[in-house]
Every structure is written in structure tokens, then in C-alpha cells.
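**Q** Here's the letter readout for the chains.
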Amino acid sequence: MEGFSDFWSTYSTLIFTVGIHALLALSIWLTLACGLLSLANAAFMGIGAYTAALLTVNLGWPFPVVLAAGALAPVLVALTIGVPTLRLSGVYLAMATLAFGEVSRVIILNLDVTGGPEGLNGIPLVTEGWHIVLVLAVVGYGLARLRRSRVGRAFEAIKEDEVAARLMGINVDRHKLFAFTLGAGLAGLAGALNAHYTFFISPREYGFENAVDILTMTVLGGISSLIGPVLGATILTLLPELLRFLHDYRLAVNGVILILVVLFLPTGLWDSRRIRAWFAGRSQK
Amino acid sequence: MLEQQLVNALTLGSVYALFALGFTLVFGVLAVINLSHGAVFMVGSYAAALVVTHFEAPLWVGLLAAMVISGLIGLAIDVVILKRLRARKAPHLIPMIATIGVTIVITSAAQGLFGVEVQRFPEEMLPAGDFTVGDVHVRALELGIIAVSFLLMAVLFFALRRTQLGRALRAIAESPKAASLLGINVEGLFHLTSFTAAALGGVAGALISLNFNAITPFMGQPMLHKGIAVIILGGMGDIRGALIGGLFLGFAEVMSKAYISSQMGDAVAFGLLFLVLLIRPSGLFGRVLERKA
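Protein sequence lines, in the order shown, are assigned to chains X and V. Mapping the first sequence onto my numbering, position 206 (from 1) lands on 206, and the numbers just tick up by one. Mapping the second sequence onto my numbering, position 149 (from 1) lands on 149, and the numbers just tick up by one.
Worth double-checking, as some hints may not be accurate.
What the hints assert, rightly or not - Going by beta-carbon spacing under 10 Å, a handful of chain V positions derived as facing chain X: (1) 104; (2) 105; (3) 274.
Said to hold, decoys possible - Derived list of chain X stretches under chain V, where covered just means 3 residues or more per stretch with a C-beta under 8 Å from a C-beta of chain V: (4) 88 to 95; (5) 99 to 108; (6) 208 to 220; (7) 253 to 264.
If you're looking for bench data, these hints aren't it; they were derived computationally from the structure. Quick caveat: nothing in here was measured; it's all calculated off a predicted structure. Just so it is clear, CB atoms sit at the ideal spot from N, CA and C, and this is done for glycine as well.
Model the full structure from these sequences, guided by the hints.
**A** In C-alpha cells form, the structure reads like this:
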């Protein structure tokens with residue numbers, strides 16, 4: 001037990017971060033699984049974080065309610081912007097969500113209630129390790145059930161071929177909106193949990209770079225299953241710790257990974273089909 | 001006062017237009033959103049500043065260096081990455097993700113090589129002197145920036161409209177397959193387009209950093225966002241649209257900074273972009289130029 005508490009005190013921050021990143025990676029997995037590239041998830045995370053932090057600091061609401069509000073606020077925003085935005089296809093959607101992220105960042109930067117560029121200070125530290133584990137487990141279970149459901153199959157059909165999916169009688173627009181909104185809610189939840197752990201939040205944490213970081217995790221892990229995004233989040237959170245010797249060039253690693261994965265490993269590290277084939281091949285020998 | 005702002009808007013707008021031209025050219029010909037265009041722009045600034053500072057070369061050599069070095073980087077991105085993705089017929093979001101990776105690599109390389117401090121051109125190298133017409137002061141530098149931008153744009157327009165090369169490029173923009181059947185060297189022109197686009201981005205970087213005389217590794221990202229705003233305003237892949245959109249954004253930004261609020265300037269640009277996307281995704285002036293794979 002002694003050893004465990006030592007381990008925990010040394011690495012708890014890292015484990016927390018892995019958990020938060022895994023949630024974020026799953027949030028963008030949802031939209032990617034439906035064939036949508038959304039670069040708004042960092043902004044949704046920010047909206048959730050600010051909503052939750054402001055409710056705790058100013059109104060003193062209980063933590064579970066605050067978390068729910070942190071997830072609900074981005075859901076409402078996503079519903080509002082999703083209806084017109086999701087009509088846009090492919091690259092147009094990516095750019096619209098990018099623009100939305102930029103607008104939200106500039107707005108947070110210029111409001112008084114959010115503390116502007118200085119950010120919000122003194123958020124009570126309420127999030128505990130088991131909160132994140134529990135949330136991650138519930139979300140993971142829920143998404144696993146979702147994948148096997150009618151809705152999950154519809155997502156896959158839309159991703160493969162939108163026109164064909166529509167011809168099969170799938171309500172494409174509604175499914176896209178659902179994926180987009182649920183992803184926003186997850187990102188907001190991650191933001192709310194994170195805000196009550198880091199004590200301090202600022203607009204800088206929710207910019208384009210962060211959206212790209214989240215995307216990198218999911219692309220690295222692969223989107224063919226839920227394991228991929230979690231794996232990608234874990235690797236990309238631990239990697240910078242291992243690469244400290246690279247100093248200023250450390251960040252370049254993320255970029256190199258993105259390029260290499262896109263070029264040589266288009267389905268990501270964890271491709272369930274490839275892994276199944278690999279095991280099948282071994283058992284035959 | 002208003003006249004003064006108009007000069008500022010024209011300076012900024014012409015550089016935005018130059019930057020967006022390269023961006024939109026790549027989309028029109030290669031059907032790729034090249035998100036590394038901002039990083040290439042930043043490289044152009046450093047290239048010009050280094051050449052001018054270390055070799056004490058005249059400014060025009062600096063601009064030329066910015067074009068060549070940025071162009072070569074653009075060419076390398078095409079040969080090493082985009083070409084493979086084309087060969088694989090990767091879905092159109094994949095090159096976007098790959099070029100985000102390129103941006104991260106170039107930005108952190110610049111950070112490692114040059115540090116995060118602001119770099120400047122030596123003050124004595126900048127053209128001094130200004131003209132006064134009535135109440136309006138125009139710096140010689142601003143006039144030079146406007147002249148260089150419009151000159152380069154005129155050359156590009158002429159090349160695209162009047163030469164055999166331009167016709168070939170427009171044929172590729174319609175359909176690469178048909179162009180290739182007509183005996184056009186499609187791959188070669190993809191490389192040339194990547195080079196040209198990046199060269200324009202690089203010279204835009206050099207011009208912007210001359211105007212504000214501040215260079216950092218992070219200057220590419222906001223510019224990229226503005227470039228996106230411009231080509232969506234003008235219609236993606238639309239050359240004329242990029243020119244009008246760039247001037248328009250320069251105007252909107254300078255005016256909202258001058259008359260509304262200095263911080264909200266950026267929000268105005270992106271709010272506008274967001275609105276255009278919702279109401280008229282094909283751009284204010286453009287037609288939809290989306291190739292279905």
C-alpha cells in the first residue's frame with residue numbers, strides 16, 4: 001500500500017491528464033465515426049470548463065450538478081450551431097467548426113465574467129481520481145453499447161457512404177447532429193472535470209492547437225474501435241514526459257506522428273480488423 | 001483619419017489577398033486544403049529577415065529568398081506527402097490532417113532554431129521616407145508593399161488567363177483525369193502549383209513582417225485562419241474571389257479595429273466568415289467548386 005501511495009503521489013497528475021485526454025479523444029471519435037471532421041471540440045471543452053467553473057465559484061452549486069451543467073452548455077451550443085453547420089460537407093464543415101472555435105475563443109477572451117486573458121483563478125479542487133475513472137468507464141460503456149446499436153450502425157453507414165445511407169432510409173442529418181452534439185457534451189464534461197482539478201483555466205487552453213492535439217490522439221489510435229482513441233490519448237500524454245531530452249523540438253513529435261500515421265498507418269495503431277486478422281493468422285499456424 | 005485607415009486597409013488587404021491566392025490556388029488545382037500555408041508564410045518572414053540581416057543583402061533579395069525557400073518547402077510537402085496521398089486516393093480530409101502535422105513540425109522547428117523572441121529587420125534596412133497628401137501620411141514602405149503585392153498578383157492573373165500553362169492548370173481544376181488524357185503533365189503541374197502557392201505565401205510573410213517588423217514562430221496560425229476566412233468569403237478555388245476577399249478582410253479588420261474595438265477585430269472577421277458559411281457556403285462571389293471523389 002505504501003508503494004501504491006508513493007506511485008500515486010508521483011504520477012497522479014499524469015494519470016488524471018491521461019483520463020481527461022481519453023475523454024476528449026472519445027468526444028472527437030464520435031464525430032469522426034460519423035464521417036465528420038469537427039475542429040470545435042476544444043471550444044466545446046472550454047465552454048464546459050467555463051460554465052462549470054463559474055457555477056462553482058459564483059453560485060456554489062454542488063459538484064454533480066455543476067458537471068451536468070458543464071456537459072449541457074456545450075450541448076445547447078452544439079444544437080444551435082449544428083443545425084445550419086452540418087449541412088456543410090467535408091472541408092466546409094471543418095472550416096466552419098474552426099471558425100466557430102476561433103470566435104468562441106475571442107469571445108471568452110473579451111468577456112468580463114470569464115476574467116478575459118488572465119483566465120479564472122481559484123477554482124476549488126473537487127475532482128478526484130475516481131471521478132475521472134468512473135466517468136471514463138460509464139462513457140466507455142455507453143459508447144460501446146451505442147456502437148452496437150442501430151444508431152452506431154447508422155453512423156458507420158454514413159461514414160462509408162452518405163448517399164447510400166440516405167437511400168437506406170437513414171435520417172443522415174439527425175444522426176450527424178446527434179454525433180456532433182453528444183461529442184460536444186463529452187468535451188464539455190472533460191472540460192468541467194479538468195477545471196476542477198487544475199485550479200486555473202484560461203482561454204489559451206481551448207484554441208486551435210488544442211483541437212489539433214485532440215485530433216492527433218484519435219488519429220494516432222485509430223477510429224475503428226473505442227480502444228484506439230484511449231490508446232492514442234495515453235501515448236500522446238506520456239510521450240512528452242519520455243522525450244524531455246528533445247527540449248524545444250519536443251512538440252515536433254506530435255506533428256511527425258500525424259504525418260507518419262496518415263502516410264503509413266491510415267487506420268491508426270489499433271485497427272480491430274488488422275488485429276483480428278493477425279490473431280487469426282497466428283492460430284492457424 | 002478615414003483616408004489614413006484606408007491606406008492601412010489597402011496595405012493589409014493586399015497582403016491578405018496575396019496569401020489567400022496561394023491558398024486558393026492549391027485548393028483549386030490539387031483539391032487540397034493545405035493547412036501548412038500559414039507555416040510556410042512564417043518561414044518566408046524568417047528567410048527574408050535572415051538574408052537581409054546576415055548577408056546585408058538589399059530588401060529585394062530578401063523577398064526573393066523568401067519566395068524561393070518557402071516555395072521549396074511547399075514543393076517538398078507536395079512531393080513527400082501530398083503525392084502519396086493522391087496516389088492512394090485518400091479521402092479529402094486526410095491531406096488536411098497531414099498538413100496540420102506539417103505545421104506543427106515547421107513551427108516547432110522554427111521555435112527550436114530561432115527561439116520564441118520577436119525577431120526584427122534592422123531598422124536602417126527598411127525604406128524610410130513618407131509622402132504627405134493633404135492629411136494623409138503614406139510610408140514608402142506601405143507603398144512598396146502594395147506595389148509588390150499587386151505586381152505579383154498581376155503576373156499570376158496573366159499567367160493563368162493568357163498562357164498555355166494557365167490553360168493547362170484550369171483544365172486540371174476542372175478534371176485532372178481529362179487533363180491527363182489531353183496530354184497535360186498533371187503531376188508536374190501539381191508540383192509547380194505547390195511551389196508557386198508556397199512562394200506567394202512566403203513573400204506575403206516577408207511583406208507582413210516588413211510592415212509590422214515583428215517575426216515570431218507563431219505568426220503563421222492567425223494568418224492561416226485569416227486565409228481561410230478570405231477564401232471562404234471569395235469562394236474556395238476562386239482566384240478573383242481571393243483578391244476581393246483579401247481586400248475586403250483587410251478593410252473590415254482595420255475599420256472594426258479603428259471604430260469598434262481593438263480586440264474585437266478578429267472576432268468580426270471570423271463572425272463574418274461563420275455567417276457566410278451558413279448563408280452562402282460557396283462564397284460571396286464564387287460558385288461551388290467541389291470535386292466529388
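**Q** Next step is simple, just say for each hint if it's right about the structure.
**A** Consistency of the hints with the structure:
The beta carbon of residue 104 (chain V) comes within 3 Å of a beta carbon in chain X, closer than 10 Å, and the hint placing it at the interface holds. For residue 105 (chain V), the interface hint holds, since its Cβ comes within 10 Å of a Cβ in chain X; the closest pair sits about 4 Å apart. Evaluation of the residue 274 (chain V) hint against chain X yields a held restraint, the C-beta minimum of about 5 Å falling below 10 Å. As drawn, the region 88 to 95 of chain X meets chain V at 7 residues by the rule of a beta-carbon pair under 8 Å; at three or more, the given contact holds.
Coverage of the region 99 to 108 of chain X by chain V holds in this model, with 6 residues showing a Cβ closer than 8 Å to a Cβ of that chain against a need of three. Coverage of the region 208 to 220 of chain X by chain V holds. Counting CB-CB distances below 8 Å, 6 residues qualify, and the rule asks for three or more. For the region 253 to 264 of chain X, the assignment as covered by chain V holds, since 8 residues bring a beta-carbon within under 8 Å of that chain's beta-carbons and 3 suffice.
In the structure shown, no violation is registered for any of the earlier numbered hints.
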